[in-house]
Every structure is written in structure tokens, then in C-alpha cells.
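Novice: These are the residues of each chain, in order.
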Amino acid sequence: MTAARKLRVGVLVNPIAGLGGRAGFKGSDDLGRLAPLLQTTEWGEDAPAFARGVACVRALDRTRMVLVTPPGPLGEDVVKAGTKYGGPVFEIARLAGPPPSFGHSTAADTAHYVRRLLEAQIDLLLFVGGDGTATDVARAAADAVPLLGVPAGVKMFSPVFAETPQVAAQVANGLQLGFPTRPVDVLDLDERSYREGGWIVRAHAIARVPDESGIQAGKGGALASEPEALADLATWFLGSRQPETTYVMGSGTTVASIKDALGGGTPLGVDAWRDGQWLAEDASEERLLEVLGEEGSAFIVVSPTGGQGAVLGRGTAQISVPVIERVGVGNVLVVATPQKLLGLRHLFVDTGDPELDASFPDYVKVRTDALTEKVFPLRKGIQLGTR
Amino acid sequence: MKLLSQRLVPLLTEESMPGRRGARLPVGPNTARPQLPASLQRRNAPRLPEVTENQVVRHYTRLSQLNYGLDTGMIPLGSCTMKYNPRLCDEVSTWPEAAHLHPDQHPATLQGALRVMHELEDWLKEITGMDAVSLHGAAGSHGEFIGLLLVRAYHESRGEGATRTKVIVPDTAHGTNPASAAMAGYEVVEIPSTKDGTVDLEALKATVGPDTACLMLTNPNTLGIFEDEIQGIQKTVHDAGGLLYYDGANLNAILGVARPGDMGFDICHVNLHKTFAVPHGAGGPGGGPVGVKARLVPFLPVPRIKKAQTSYHLDYNAPQSIGKVREYYGNFLVHLRAYSYMLLMGGDGLKQAAEIAVLNANYLKHRLLGPFTMPFKSLRKHEFVLSATDLKKKRGIRALDIAKRLLDHGFYAPTVYFPHLVDEALMIEPTETETREELDAFADALLAVAQEDPTVVTSAPHETPVARIDDVWAAKNLVLTWHELHKLKSTPPPQPPEKVLERPIGV
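Note that the protein sequences, when read in sequence, are chains F and G.
Under this note's numbering, the residue at position 180 of the first sequence is numbered 180, and the numbers go up by one with no gaps.
Under this note's numbering, the residue at position 410 of the second sequence is numbered 410, and the numbers go up by one with no gaps.
In isolation and in its complexed conformation, chain F is listed as follows:
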């Protein structure tokens, strides 16, 4: 048998990722606020993105992959430092003109170089950054290549990140050509709202990540692949929808698969559907209350956020307390794929209204396909992080 070709792994670095955390900022999205920090930080081990990127590259298996990286601080510097004493062979994917220097790269640079790496036919894009970087990368990659995040940012809500730089390297080392992937929502906390005491985590894009859970199912029976599981959920919904009932459909990939089956809706917005008609798309709270009216049967269809298990109250600001009260806590349908539920021990609601939270049952059933529900303890009003 001929040896399989090596995996081509893109390495992209957001040099300023993580800098904001040192100043107590909630992210590094606001370049204006970062300016004083940039003047006192040197590009090197002092910068979180550099240190964590190098730690990851050092652990990559030279026998399994070829790296492809943008020039300068967007990748080359980190790859060269990480392979100083041996490591994977690498290529530098250049664009016309000099690369941006440290502190002067923008989201547009990230997008340009993601597209350049795609031209270089990479099999996996390893990026170093936080949620903001993940959003920029996922939007530019447009589902054309699987992503794997090396955590270096201030906020890391997205399930695209490995636990540590070393784990990211181990995941990459374990991949073989044609490895399975699954879709995830790329999430980001809105920094402005956070600074003002709010907590709005939004799904900004959809990405694909390596599907580690698919390695071996053993005695448990194989889990359906993510596309199969999403199709199963859509089939369940089509078979169980009720007439003269309004469905408020939440955001994210899971509910989006049901929206697709219904022929419409917005993947990242909240929509309302009734008897074959889209009553509202990417709707605000006011619009949802308007289409729900005062009376009539209604359900909310939502999926827990990956990794955290938030059913309501995280990234679903439009499904507000008045909307939930109008629909009723007993009419919240929770859906998820089996992969998404792996590792979750409980789910939680945090609507901001303790009384409403308390009125939810202590256990919630999550629909995973037409024949299966999974029961989870439901925690209420859990505060994550420092508000």
C-alpha cells in the first residue's frame, strides 16, 4: 500500500488575542482601548498568542503533517519559534505586499489570509486566538475547511477550541485524511453589552470541527453522525408539529436544521413559524410578542449551547421573559444531537427573572431523534463568570 499523503494544516495567529485580558477587558475586540497595551507589549513570549501558539506548534507531529502559514506575526513567527528544534516542515502562504506588523493586523487581514490558506489546499485550519478570532476565521472559511482553535483569547465560549494548546496539537496529531467533522456554532460574547452589565452570547457563524467523538463507539453503539442526527431531528419535528400552533425557533445549527426542513428561517436568528408560514424571521422580542398574540397554542424550540448547556438566557435575548411567559415554561421543546450532549451533566436556564427560572421543572427532556429523549437535571439562574 502506498503511504497516505501528509495532512496539510494551516496555522493562523491573531497576534493581539488575549492582550485585553491583562487589562481586565472582556476581550480584545476594541482596538482603540488596546492601543496603550500594544505600546508596552513586545511581540514574542510576552504576547499570549505567541506563547500559546508556540506551545501548540512544538507539540505537533512532524511525521504526520505539513504546516502552511501566513507570513510575519500572523503565523510565520510562531511556526518558526515552535519548530526551532525540529517540527513539521512548513510553507509560507504569502499575499502581495508586506504582512501587517504586530498590533496593526485587522479582521480583514485574518479574512484575506484564511482565503489564501484555502487556496493552498489545507485540510485543517489551526488558529490561535479567542472568540473574536473564531468568528472572523469561521466567516472567511465559510465551512470550506474544518477549524480547530488554540485558546489564546480572553473569551472562549465557542466549541471550536481545544482545552489547551497541547491538546489542540494532540487532536491535530490524531487526525487522518478524511477525518470526520461536525458543525458547531461559533459564539461570541458581546463586549459592549458585557461592559454595561449585560451578558449576550450570540452565534455569529457556523463552523466545522474535527469530530473526536466518532473515533470508536464500542459497546455503546455508534452515535449517528452529526448530519444524520440533524436530519433525524428535522424528521421528528415534521412528524410531530401540530396545527394552529406557533413555533418560536431559536438560533444555531441544531434548530437551523429544522428550519431548513421547513424551507426558510434564518440560521443565526430567532424565527416564528405556524402552519407552513414564516410569521417572522430574525425577529426581535417585540416582533415575537406581536406574532404570538395574546392567546393560542405555542412552543419555543431551542437547543442548549455546546459545552455550557444553556437552554435559555444565553444568546437568546429575543426569547425574553415576556416571550417565555406568553408561551409557558411547559412548552419549551429542547432539541440536540447526541454529540452535542456528550460531556454535559446538566442543563440550565438563566432568563434573568429568578421567579420564572424557578417555575421550570427540575428535569428537562431533550429530544435527540424521533424515538429518543434524554433527561437532564435543569439548574436555574446559574451565574457564569463575573457579571
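By construction, these hints were calculated from the structure, which means they are not laboratory data.
A couple of the hints might just be wrong.
Claimed, not checked - Here are the simulated DSS-like pairs of lysine-lysine, each with C-alpha atoms no more than 25 Å apart in a straight line: (1) F/LYS365 <-> G/LYS205; (2) F/LYS380 <-> F/LYS365; (3) G/LYS205 <-> F/LYS380; (4) F/LYS380 <-> G/LYS195; (5) F/LYS6 <-> G/LYS489.
Stated by the list, open to error - Distance ranges between label pairs, derived from CB positions: (6) F/GLN277 <-> G/THR481: 12 to 22 Å; (7) G/ASP390 <-> F/GLY239: 41 to 51 Å; (8) G/HIS238 <-> F/ASP282: 41 to 51 Å; (9) F/ARG5 <-> G/GLY69: 30 to 40 Å; (10) F/ASN331 <-> G/ARG436: 51 to 61 Å; (11) G/ASP390 <-> F/ALA111: 32 to 42 Å.
Glycine included, each C-beta is placed from N, C-alpha and C at the ideal position.
Following the hints, position chain G against chain F.
Specialist: Quick look at chain G alone, frame taken from chain F:
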């Protein structure tokens, strides 16, 4: 000494060279030969491989060396109960008095076989605490399916067949439980475990209702933990009008010590091929007898073996029966092996087997804690589930890597990545048939792997005939026939050119 051959074995067709021959004695003139019509006789000689006698002998000997089984070493597959099966039981099943019987014979000529099966039913009743047993089930999953058909028949007889639509399973259940429930037309509701690793009784209370058909449970569960709230569990389900189903996959842990019937279970199946010395692991034949409490007896499949005075017969007179679930009456030679095993062991011997199985598991667990962690309760019965998360975080070694590297150390791998509620799970069931020396050798191997260079472990196996398999590629490019293999070898998949522009400093 490594147990696996270092060389792959080519096909005999690939070794063939024209003119190579072996020798055998000529067929005598009085040997009976089948007389076939001329139209069915071949005109040309078959294109068999042309090889020498020693090529043939070596071919098959090498193939046997590629095999790994209980005859070569321990198989610690958790949840599978891969214990060594005494030769005696196999030998009995080959006796012509048993092997040459045909189920179409008149029952008057099958009295011995019917007696064996009837007595086996009686013994299984005693072991499980059930009121009646049917031997029809041909496998554990088949036993489960029969059990769920009994659940349906029971509820239908009470006018609740249409409303009791859900089967509850804990998140530690075997994958076959939800599959069997779905096959029987039920919806499956999975409930969580507590931090102790046992059924969350409050979650169960919040889940049961008028739509509950039954709860399927193993006890001890898949983590090897005994469900100490079993009385509360059975009361909760029964109060809601549901039934309790016992998955007998883990019966080896409680033989002679505790009985599903006494715990309140209404239906149970038994895996003869796990607990009662019937070989398994290669797709059968197995045995999955089903036991029931008195209120479910009318629904058992037909025929049933009945004893009248001193003779036995097959009884089809059961108007409420779920009917036939397979041809004839189960796998008789499997029943005979289990019957022989029970005779060999005796009641005290079976109890001792369970005690040693539990002792062996806890001894191994004790030796392995350290580099491996074990979530949930510490006291385990016949099996335990370790986690390799610490090794993954600190050294980049995953459960899959450990399983592969164990092959280099001459051991079969444990079950990995099951149950799903343990990260990087290594599920180990040593059974009672391994000596302490074998247990120590296995523990030494696992502990050695945990200390080895991660690059060696994560790229293992190195000493098996085939290196780490690209299972993703294999799953996407199934090669199931010789012709497909031949085609693949003659036209390898296209490989894109590798272009290297720069090399890293220092390499």
C-alpha cells in the same frame, strides 16, 4: 514473547506458481463418489492455486498465529464477560447423541434433549428468581427484543398498549437496550446517573408516568456499580404502572448472591454465552433465555417445554402468547454447553465464580489507580471503568492509544469509549478465570504503557502485522471482496504532490 505474528499472510492465489504440487494417497476403488448428472459436471479443472504442501501448511499455521483468543491470553473487554470456557462443555456438545439430533424429529425421540432444556429452564428460574423461563432467545439482544414484546403484550392485555409508549433506560445502559426498545416500536427516554454512578431516583420519579411501558436496567450497572436504590427504583416504576426489565449481561457478578426476581424485576434475559461458558465474540451462536414473573407467563413465546409424568413435549396451547420468535426451540447445543457448565460448577461453584470475578476486578482496579482515575463510587463488582483523562492532559496519551499499545505488550485491549459518561473510558472486566499472575501481567503492561514515551504510544501498535489502521479511510472505502482488494492494489488512490517551499530552522 509476542503473541501476534509479525508477518501478514498472502492469499494462496498470490503464492500460486504453475506446476507446484503436493502429494496424497490415491482414492481407493471402493470409495463411494457422488454420481452427478453429466450436465452438472464441470468440463475444465477448477483454477485452484498451485502451491506446495509446505506452503499450504505454513499458510494456515500463520493464519492461526494472527489470531488472538482466550486460548492465547486474557480478553479484558468490559461488559463482555470474556471468561475462559472449559473444554469439557465444548466436548459434550460434540457428542453425536447431541450434535446429530434434528429438531424435526418426533419429540418421542428427543426426550433427552427436552429434559436437558427443561432442567436448564428450572435452574435458570432458581438463579434469577423468576417464575418461568423460555429458552427461545438466540442472543442477548434477541432476549431483550422478546422481553419487550412481552411488555407490549402485557400492557395490551390491560388495555394500555396504545398509551404506554415509552421505555426508560439509564445513561449507563448497554447500547442494545435503546436499540431493542426502538425495534419493538417504543420511544426511548434516557435518564441521568447521579454523581455516585447510580440511577438518579429523582430523575426517574420526574420521568415515569402513564406513558411508561418499562424501565430497562442492568444491576450491577455498566460501571460495575450495584444499584443500591433498587427497591426505590422498582417501587417508582411499579407505582406508575410500568414493568421492570433486567438486562442479564452482568449476571456473572451476582450469581448465587442476589436474584433479579428478588429485586422486583418482572422480566429478565440471561446471556448464556457470557455467564455460562458458551464461547462468544464472533457473532454466535449464543443464547438469550428470558425469564418472567407469574403475571407475564401467559405471554411467553411458543412452543414451551412441558413435563407430563415422566415424558416431555412441546406445548403450543397458549392463546395469549406473543407467538413464535424463531424456528424450533433455541440453540440446543448452546443450551447443552450451559447445562454442562452448571453441572460442572454446582450451585456453590457458581457463587464462588461470582465472588472471584468481583475480587479480580477490584484487585485490578486497586493496582491501576494512579496514572488512571476512576470517576464515581470506588466499590465495584465484576468490572470497572477507568479514565485516561489525566494521561491525555499531561502526556497526550488517549484511551485509544493505550488500547493500541497494549497489543504490542501482548494483551487484548479493554473496551474503550464506553460508557459515554466517562471521558477517555477504559472498561475492564477480568472475569474469574484469570490467575493472579495473569492479572498482574496485564496491570504491569497497562502501567508500563502509561509511563512510555508518548510518541511511541500514540503511534502504536508497532509490533502487530498491521500498524495503526486508518479507520476513517477504511470506513469510507469498504473493501469487502477479493476482487475489490485486487482492484485497489493495482490502482492505488491518487496522491496530491507534496510541495515544500521552506524548511524550519535547525532541521
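Novice: Would you say the C-beta atoms of G/HIS238 and F/ASP282 sit inside 41 to 51 Å of each other?
Specialist: Since G/HIS238 and F/ASP282 have Cβ atoms about 50 Å apart, the given range 41 to 51 Å holds.
Novice: Does G/LYS195 sit within 25 Å of F/LYS380, going by the straight-line distance between their CA atoms?
Specialist: holds, 19 Å
Novice: Taking 25 Å as the top limit, are the C-alpha atoms of G/LYS205 and F/LYS380 close enough?
Specialist: holds, 19 Å
Novice: Using the beta carbons of G/ASP390 and F/GLY239, state whether their distance is inside 41 to 51 Å or not.
Specialist: holds, 44 Å
Novice: Within a Cα-Cα threshold of 25 Å, do F/LYS365 and G/LYS205 meet the stated pairing?
Specialist: Status holds; Cα separation ~13 Å.
Novice: Evaluate the given range 30 to 40 Å for the C-beta pair formed by F/ARG5 and G/GLY69.
Specialist: holds, 37 Å
Novice: Check the hint pairing F/LYS6 with G/LYS489 against an upper bound of 25 Å on the C-alpha distance.
Specialist: holds, 20 Å
Novice: Within a Cα-Cα threshold of 25 Å, do F/LYS380 and F/LYS365 meet the stated pairing?
Specialist: It holds: about 15 Å lies between the C-alpha atoms, which stays within 25 Å.
Novice: Using the Cβ atoms, figure out if F/GLN277 sits within 12 to 22 Å of G/THR481.
Specialist: Check failed, 52 Å falls outside 12 to 22 Å.
Novice: If you check the beta carbons of F/ASN331 and G/ARG436, does the distance land in 51 to 61 Å?
Specialist: At 59 Å between Cβs, range holds.
Novice: Does the Cβ pair G/ASP390, F/ALA111 satisfy 32 to 42 Å?
Specialist: Holds, since G/ASP390 and F/ALA111 (Cβ atoms, about 39 Å apart) stay within the stated range.
Checked against the numbered hints given earlier, this structure breaks only hint 6.
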